[in-house]
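2 protein chains.
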Amino acid sequence: MKLKTSPFAPERFPDLPEIAGVRAATASRGFYAGRGLNRDDVFLFAFDDGTSCAGVFTRSTTASADVKWCREALKAGGGKARALVVNSGNSNAFTGPKGVLKNDATLAAVTEALGVSKTECFLAATGVIGEPLDDPNYVGSAVPALAQALTSPNWEACAKAFMTTDTYPKGAAERCDIDGQPVKLAGIAKGSGMIAPNMATMLAYVFTDAAIAAEVLDHVLREAVEASFNAITVDSDTSTSDTLMVFATGASQAPLITDRDDPRLAPFAAALTRICRELAFQVIKDGEGATKFITIHVSGAETQQSAKTIAADIANSPLVKTALAAGDANWGRVVMAAGKSGEPIDLSELSIRFGDVHVAEAGSRTADYDDDAANAVCAEPHIEIHVSVGSGPGRGTVYTCDLTHAYIDINGAYRT
Amino acid sequence: MKLKTSPFAPERFPDLPEIAGVRAATASRGFYAGRGLNRDDVFLFAFDDGTSCAGVFTRSTTASADVKWCREALKAGGGKARALVVNSGNSNAFTGPKGVLKNDATLAAVTEALGVSKTECFLAATGVIGEPLDDPNYVGSAVPALAQALTSPNWEACAKAFMTTDTYPKGAAERCDIDGQPVKLAGIAKGSGMIAPNMATMLAYVFTDAAIAAEVLDHVLREAVEASFNAITVDSDTSTSDTLMVFATGASQAPLITDRDDPRLAPFAAALTRICRELAFQVIKDGEGATKFITIHVSGAETQQSAKTIAADIANSPLVKTALAAGDANWGRVVMAAGKSGEPIDLSELSIRFGDVHVAEAGSRTADYDDDAANAVCAEPHIEIHVSVGSGPGRGTVYTCDLTHAYIDINGAYRT
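Quick note, the sequences are listed as chains A and B, same order.
So in my numbering, the last spot in the first sequence is 416, and the numbers never skip.
So in my numbering, the last spot in the second sequence is 1416, and the numbers never skip.
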């Protein structure tokens, strides 16, 4: 089926800077040929010697072979990166021994073509679950030509090559100074369904010319993910392949940062959080069938974690999402979803606001409740819902989209 | 909007027996007049002196005023029951002080009309959340006429009176012997959306002429609910009003049972479980927009609870539910949903079967995998999925329905 482009799709792919020390190439292995699509579905990134990296991955207990490899390589290689190979069209999750053979063959092809160590090579795959490739070298056979074609990245081509049900390619750029030296960040992401906050939630990669030791990079990445990819949900389903990695080539003039308490790290950490948020928001805006971008703010909870749990339960409620799709400020369902979280709520203090329209205060509908005003807020493509559940210090925000007919169309038709 | 009747709706309401000691009446308070519907929306049940009762209620932290009252009355009254008043059209949840006033007025009307104690009177309300009634006696004003009209229950009329988005009235009957004496059970239920397993999950009432002490009744009810209402889910949303109560008049010739270890209790406990399962299954079969009745069996888990959690995560996955709606045996999504549970899974032993069709064994797709055969299973209205996640002793089953366009239509239009 032809997917309708998200109403949030940008007019054109954003400008992403060249990142010194990063080269890339894309190719087609024909994963989508059976659907009559002639498109690229694999990319190779190569990184100059000295590149550090960090990653966060799905918490799924049925994680893909690629996710397992990345975890193993990060541990064994100490956070050094020389290559990244990603394909769409087949997720290599639940593929048993054949999935491992596919990874072995791909890694062998990369180490040979680029003359790098295996534990410096990272993999990911996205697409249908549970279909092992009969030819273990199906992806690997593309590597020699990809290695020949490496050049300054065509970011849009890369972002397109790992799309699945995405309706537009996703990219973002940031800049910051470290100790007075300019540093650049470029990021690409894919994701549309099977999106729920549990570490990284889809595939996303950020590339920078900053010089950051791997251990420090890991630290700032884990901070950045909490306010970005771990704060979004499309459908409460957690992918087997979720991966977010950051690669730092150190090719800028900025000094190497080796201590997580180094004050010069702060602007980079902030820029990394910004680019992760922008990429995560693009994923939500391309959520399967999405027509609304919804922000759920919860305050007054006992703890930060409690606030985020309540916000996530509201964001994941199909009854809330279908009401908002219809432009209905059905705040009773917000009450319901907050209640099902099981988190402590002071019902006598519960207040709810849609945009600037207060609909509930101190545990009841507001005296001057105005249904039309609340519905008007929900008629807009961006909806902010504020829920105060008591007088505690806990605050949390979760981002989501609405649940529409298109979600059902897409997911009834995706595999077949 | 006019709701399309569930394909699982029975041709006619089942025959339910008269239960000695139980009388009922229904009336209209016009809750649905605004939608042009002239229908009954309130019922009163009266029980003879000596009736014991037990109940389980929503675990929601935003439970309705009625649920709070029932918990309080059960505690204060020691499980004695003389009356039950239920209305549809307004849930009396998140209605603040006005919600309590409505309950006080209704209880005053019942105690006066029937000459019974307040703590022997139970309440429930279902419908829109957060709309307090300006007239606290709106429901209570119907009570005097209802009390005059009490008669042997017209079960179908009662089951219809508390329907909301239900497309058919739900009832079931059971019989058993206690110490050689026949005992009858009759039950009614309502529920279609906002259905997820968390104690009782909708409104359901079971009436019996058995003589069971309240403490024992509570014990067997909690056992029965685990395999019935706590094993179903429509949309993962937990209602603020979920209530399941059982009333035992003791009007049969069966002996009074006062000890939960009394061996004569077993047939009654089994009959109660059967009637609860039948009512729970009817709720699933009338799940909003449902076209498939889906049973998820999980075995080989470390514990019973782990098995049930995995089964519930599969049953609640919108990606699994949309695939099954389309008749697609997308078992990769079953792997994904099992993985997102976070429960221990031995991936090398993971096996999946759709009906009799094995699709995955020992962590990979089966060698003779037959997509068409698996899809044929999913083309049927009843689908059984068996998932083995290891070699542990834990087994659990959860029942659900598919996710279709009609769910979105119903929930985009329900309030407005």
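It is possible that some hints are incorrect.
As the list claims (entries may be wrong) - Derived DMTMM-like pairs (lysine to aspartate or glutamate); straight-line CA-CA distance at most 25 Å:
(1) A:Lys75 with A:Asp48
(2) B:Lys1098 with B:Glu1072
(3) B:Lys1004 with A:Asp409
(4) A:Lys75 with A:Glu226
(5) A:Lys68 with B:Glu1349
(6) A:Lys98 with B:Glu1072
Stated by the list, open to error - Far from chain B, some chain A residues (derived; all Cβ distances over 10 Å):
(7) Ala93
(8) Ala108
(9) Glu343
(10) Ser348
(11) Ser364
(12) His405
(13) Tyr407
What the hints assert, rightly or not - If you want the ones that stay clear, here's a sample from chain A, every Cβ over 10 Å from chain B, calculated:
(14) Thr95
(15) Asp135
(16) Ala145
(17) Asp259
(18) Glu278
(19) Ala325
Simulated from the structure, these hints should not be mistaken for lab results.
We treat Cβ as the ideally placed atom computed from N, Cα and C, and that holds for glycine.
These are the hints, each one checked on the structure:
1. For the suggested pair Lys75 of chain A and Asp48 of chain A, the alpha carbons sit about 20 Å apart, so the restraint of at most 25 Å is met.
2. Straight-line distance between C-alpha atoms of Lys1098 of chain B and Glu1072 of chain B comes to about 18 Å, which keeps the hinted pair within the 25 Å bound.
3. Straight-line distance between C-alpha atoms of Lys1004 of chain B and Asp409 of chain A comes to about 20 Å, which keeps the hinted pair within the 25 Å bound.
4. Distance restraint check for Lys75 of chain A and Glu226 of chain A: the Cα-Cα separation of roughly 22 Å lies within the 25 Å cut-off, and the hinted pair is therefore satisfied.
5. Simply put, Lys68 of chain A and Glu1349 of chain B have alpha-carbon atoms about 17 Å apart, close enough for the 25 Å limit, and the pair holds.
6. Under the criterion of a C-alpha separation no larger than 25 Å, the hint pairing Lys98 of chain A with Glu1072 of chain B is inconsistent with the structure, at around 59 Å.
7. For Ala93 of chain A, the condition that its CB be more than 10 Å from all CB atoms of chain B is violated, with the nearest at approximately 7 Å.
8. Ala108 of chain A, annotated as away from the interface, keeps every beta carbon of chain B farther than 10 Å; the closest lies near 22 Å.
9. A Cβ of chain B approaches the Cβ of Glu343 of chain A within 10 Å, the least distance being about 7 Å, so the stated non-interface status is violated.
10. Residue-level check failed: Ser348 of chain A sits 8 Å from the nearest beta carbon of chain B, not beyond 10 Å.
11. With a least CB separation of 3 Å from chain B, Ser364 of chain A falls inside the 10 Å interface cut-off, contrary to its annotation.
12. A beta-carbon of chain B is positioned within 10 Å of the beta-carbon of His405 of chain A; the least distance is around 5 Å.
13. Residue placement check: Tyr407 of chain A does not keep its beta carbon more than 10 Å from all beta carbons of chain B (closest about 7 Å).
14. Not every Cβ of chain B is farther than 10 Å from the Cβ of Thr95 of chain A; the closest lies at roughly 6 Å, contradicting the non-interface assignment.
15. Every CB of chain B is more than 10 Å from the CB of Asp135 of chain A (nearest about 16 Å), matching its label as outside the interface.
16. Listed as outside the interface, Ala145 of chain A is consistent with that label: its C-beta sits roughly 30 Å from the nearest C-beta of chain B, beyond the 10 Å cut-off.
17. At roughly 34 Å from the closest C-beta of chain B, the C-beta of Asp259 of chain A stays outside 10 Å, upholding its exclusion from the interface.
18. Look at Glu278 of chain A: its CB is around 26 Å from the nearest CB on chain B, clear of 10 Å, so calling it non-interface holds up.
19. For Ala325 of chain A, the shortest C-beta to C-beta distance to chain B comes to about 6 Å, within the 10 Å cut-off, and the non-interface label is violated.
Hint check: violations occur at hints 6, 7, 9, 10, 11, 12, 13, 14, 19; the rest are consistent with the structure.
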